[in-house]
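A.B. asks: Just so it is clear: in the sequence shown, position 22 is 14 by the numbering used here, and no numbers are missing.
Because the hints were derived from the structure by calculation, they are not lab data.
Even for Gly, the Cβ is constructed at its ideal location relative to N, Cα and C.
Please note that a few of the clues may not be correct.
[To be verified] Ranges between beta-carbon positions, derived for each pair:
hint	residue 1	residue 2	range
1	L107	P87	38 to 44 Å
2	L65	P87	30 to 36 Å
3	A54	V75	39 to 45 Å
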Amino acid sequence: MIDLYRGTAAPEPESAPEARAAPATEARCRWWLFTWPCEAPETVGEEIDEAAPDAVGYTRTAANELELLFPRLPNPDVYIHVVPHLATEERVPVPGYTTAVPLYERVEYALPGELAHARRLLEPGSDEEPGGGTP
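Let's have the full structure, built from the sequences with the hints guiding it.
C.D. replies: This is the structure we're talking about:
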């Protein structure tokens, strides 16, 4: 039984080790009943991996499309530290922890051009006043 597990129970034909060592020269793609020659998966994966870093800025995904179409106004988090305390009538000890709470209640979306103006106001050395005029 151990020989069957190791695969040494029957002698292998001479062509079998060579066939396993050398990969097939032509890959075959298959869909339902149809087969056709196609590129080997290894070469296709390498091409995709090489092209992926260059295409990251140009690729449109659901996440970055929504961020571009509907930009959100900044909503900074306020961090609150809760000190260790005793809770409930049984005086159960609760360890201290830190939690984050958004500064504003709701998520607000920017109007067209609103974020660009806000970024210019926040730049260091900006002489522009929030009212729109310059000093």
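A.B. asks: Now tell me, hint by hint, if it's right for this structure.
C.D. replies: The hints, checked one at a time:
no. : hint                     : verdict
1   : L107 <-> P87: 38 to 44 Å : holds (40 Å)
2   : L65 <-> P87: 30 to 36 Å  : holds (35 Å)
3   : A54 <-> V75: 39 to 45 Å  : holds (42 Å)
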